[in-house]
Amino acid sequence: MNCITTENLTHHFNKNEMVLDDINLRVPQGSIYGFLGPNGAGKTTTLRLILGLLKKQSGAISIFNKPFAANRIDILKKTGSLIEAPSLYAHLSAQENLAILQKIYQCKKSRIAEVLQIVGLSDTGKKSAGKFSLGMKQRLSIAMAIMHEPELLILDEPTNGLDPNGIIEMRELLKQLNKEKGMTILVSSHLLAEIEKMVTHVGIINKGKIIFQGTMDDLHAAQQESSFISFETGNIELTNNVLIQNGLHAVINGSRLTIPMINKEKIAAINEQLVQQQIKVYQISTVKNDLESIFIDLVK
Amino acid sequence: MELFNSIKSEWLKTRKSAAAWLCIIGGLFIPILFLIGFIYNHETLATYGEEGNIWTQHFFQVWQAMVMFLLPMGLVLATSLITQMEFRNNTWKQLHATPQKYHTIFAAKFIVILGMTGQFFLYFNLGFILSGIIPSLLFDKALPNVEFPFEQFLVSNGKIFLTCLPILALQFLISLKFKNFLVPIGVGLVLLVATLIMVGNWEYAYLSPYSYGPLTMMGSPEMMEKINIYWLSVIYFVVFTTISYAMYITKSEKG
Numbered sequence: 045m046n047c048i049t050t051e052n053l054t055h056h057f058n059k060n061e062m063v064l065d066d067i068n069l070r071v072p073q074g075s076i077y078g079f080l081g082p083n084g085a086g087k088t089t090t091l092r093l094i095l096g097l098l099k100k101q102s103g104a105i106s107i108f109n110k111p112f113a114a115n116r117i118d119i120l121k122k123t124g125s126l127i128e129a130p131s132l133y134a135h136l137s138a139q140e141n142l143a144i145l146q147k148i149y150q151c152k153k154s155r156i157a158e159v160l161q162i163v164g165l166s167d168t169g170k171k172s173a174g175k176f177s178l179g180m181k182q183r184l185s186i187a188m189a190i191m192h193e194p195e196l197l198i199l200d201e202p203t204n205g206l207d208p209n210g211i212i213e214m215r216e217l218l219k220q221l222n223k224e225k226g227m228t229i230l231v232s233s234h235l236l237a238e239i240e241k242m243v244t245h246v247g248i249i250n251k252g253k254i255i256f257q258g259t260m261d262d263l264h265a266a267q268q269e270s271s272f273i274s275f276e277t278g279n280i281e282l283t284n285n286v287l288i289q290n291g292l293h294a295v296i297n298g299s300r301l302t303i304p305m306i307n308k309e310k311i312a313a314i315n316e317q318l319v320q321q322q323i324k325v326y327q328i329s330t331v332k333n334d335l336e337s338i339f340i341d342l343v344k
Numbered sequence: 017m018e019l020f021n022s023i024k025s026e027w028l029k030t031r032k033s034a035a036a037w038l039c040i041i042g043g044l045f046i047p048i049l050f051l052i053g054f055i056y057n058h059e060t061l062a063t064y065g066e067e068g069n070i071w072t073q074h075f076f077q078v079w080q081a082m083v084m085f086l087l088p089m090g091l092v093l094a095t096s097l098i099t100q101m102e103f104r105n106n107t108w109k110q111l112h113a114t115p116q117k118y119h120t121i122f123a124a125k126f127i128v129i130l131g132m133t134g135q136f137f138l139y140f141n142l143g144f145i146l147s148g149i150i151p152s153l154l155f156d157k158a159l160p161n162v163e164f165p166f167e168q169f170l171v172s173n174g175k176i177f178l179t180c181l182p183i184l185a186l187q188f189l190i191s192l193k194f195k196n197f198l199v200p201i202g203v204g205l206v207l208l209v210a211t212l213i214m215v216g217n218w219e220y221a222y223l224s225p226y227s228y229g230p231l232t233m234m235g236s237p238e239m240m241e242k243i244n245i246y247w248l249s250v251i252y253f254v255v256f257t258t259i260s261y262a263m264y265i266t267k268s269e270k271g
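Note that the protein sequences, when read in sequence, are chains A and B.
For the first sequence, the residue numbers in the working numbering are 45 to 344.
For the second sequence, the residue numbers in the working numbering are 17 to 271.
None of these hints come from the bench; they were simulated from the model.
Note that this is a predicted model, so its numbers are computed, not measured.
Wrong hints could be hidden among the right ones.
[Stated by the list, open to error] Some but not every residue of chain B turned toward chain A, in silico, with C-beta under 7 Å:
(1) Asn21
(2) Lys29
(3) Asn105
(4) Asn106
(5) His112
(6) Thr114
(7) Lys157
(8) Val162
(9) Glu269
[To be verified] 35 Å max Cα-Cα, derived DSBU-like pairs, lysine-lysine:
(10) A/Lys175 to B/Lys117
(11) A/Lys152 to B/Lys32
(12) B/Lys117 to B/Lys270
(13) A/Lys122 to B/Lys157
(14) A/Lys251 to B/Lys195
Note that beta-carbon positions come from the ideal geometry of N, C-alpha and C, so glycine has one too.
Required output: the full structure, derived from the provided sequences and hints.
Encoded structure:
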């Protein structure tokens, strides 16, 4: 079952500029969904539309299997969010910022101390949020997003401004919330490496269009498909002839020939043919694209 | 209940804010000046003489100094500061992603502004009473020996509060519309100064929503006979609030 579904979501900021084009998101219940794309791809616009912060122009949005517009209050009661830069009242302390939400959500007062503990801001006392470092502000924003123990968490670039240690902590926290509380998490990022260790599903958006959507296994399969075999031999021309006889189209790259990925048996058979024709085989190697290069290829 | 919780959360936001300080300082400023004047000159309310109730004389002297310029200016600043708090902290998106109906958010914000204005009135009246009592206790060793016209002061406070409503509503409207803090402050101050020049010089000065405070003190008897500034205040208030609400609810970007 999907927690978030968008159907043909399209958005223009003006007549000529289409920001989102036919976005069909499928965020499964209980997943950690990584929403990836370069800056300006349309991630934030999509998330703002999902939360009702932007007026929908065309398409449909359902959360918890209910249309958003007609069920805004019920949906938002079960949703926590952090969109772009932290949203904090700079003149108030971390505790006071959380108390504002505690009044709205009507959760227990003890929850304030709990979430401060979770994000590691218990010791900030009366210090006003305006004096926090960017990392602390980001952590307080997460605390605000999880204040009411939501079923769905929507986080737009939550690791912005965090140091490497902070990024790891954030990743662990999100994994923990997903595992222990069963929270569905939609997290956007422009760096695949940052979220690939955490997410179960991925959606890649570029220039307002979804160009890939599936599980991490699907992405790994795509990675497999985009891998290739490289041959380094004593005679490029003869090697190429052998490959053509085997129905393979090779690309010559200096002293190497590369072909798309084939199975192990076929590699062994080609190697045997090369040896039979007395071509010296120096190296046969598999070149795997890392996920980051696939991502870059996809968004090119 | 939902509105009550929203008001509580909005009220919390004003804690330690510039608007809250403005409310305290603005409310006590004129009474403290009077108090200092009394103490410096070794005077008490008794020096106002025998004509009329000395409390009433003191009340109108203190209020006159206030309603002419300081009160409208304070309202311009405080309303803009409270409303612009969401723009300044980039928190509209956070606020609109909470499970609150849009009309509740709008109402809670405006009620808090009205509440802070009420709080200002409270501080001001407290200051006014203390500025009368303290010198009397110091120099006459007794409380002012006349009846305190409580009911009259309550009605007068209510009327002055009514004259504040158009300013609050217009400043709220401008502050909701423009991201830049200077716009509501600038527009408010320019209109206020222009109004102060018009009042007393132009027979239609009452058309300005900023004019009703000054008119309570400076309005010519002919003009005040012709118009009812309290009804005009209420009409402007309703019109501006309706426009603000329509603008707020139809805004396509809510953060």
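Here is how each hint holds up against the structure:
1. A hinted interface residue such as B/Asn21 counts as satisfied when its beta carbon comes closer than 7 Å to some beta carbon of chain A; here the least separation is about 5 Å, so the hint holds.
2. Taken as an interface hint, B/Lys29 checks out: its beta carbon lies about 6 Å from the nearest beta carbon of chain A, inside 7 Å.
3. Satisfaction of the interface hint for B/Asn105 is found here, the shortest Cβ-Cβ separation to chain A being roughly 5 Å, below the 7 Å cut-off.
4. At about 6 Å, the closest approach between the beta carbon of B/Asn106 and any beta carbon in chain A falls short of 7 Å, and the interface hint on this residue holds.
5. Satisfaction of the interface hint for B/His112 is found here, the shortest Cβ-Cβ separation to chain A being roughly 6 Å, below the 7 Å cut-off.
6. Of the supplied interface hints, the one on B/Thr114 holds, with its beta-carbon coming within about 5 Å of a beta-carbon of chain A, less than 7 Å.
7. About 44 Å separates the beta-carbon of B/Lys157 from the nearest beta-carbon of chain A, more than 7 Å, and the hint is not met.
8. The interface hint given for B/Val162 is broken, as the beta carbon of that residue sits about 44 Å from the closest beta carbon of chain A, more than 7 Å.
9. Checking B/Glu269 against chain A: minimum C-beta separation of about 6 Å stays under 7 Å; hint holds.
10. Taking the CA atoms of A/Lys175 and B/Lys117, the gap is near 32 Å; set against the 35 Å cutoff, the hint holds.
11. A hinted pair counts as satisfied when its Cα atoms are at most 35 Å apart, and A/Lys152 with B/Lys32 qualifies at roughly 24 Å.
12. The suggested pairing of B/Lys117 with B/Lys270 holds, with an alpha-carbon distance near 13 Å, which does not exceed 35 Å.
13. Between A/Lys122 and B/Lys157 the CA atoms are separated by roughly 64 Å; this puts the pair beyond 35 Å, and the hint is violated.
14. For the proposed pair A/Lys251 and B/Lys195, the alpha carbon gap of about 29 Å is at most 35 Å, so the pair holds.
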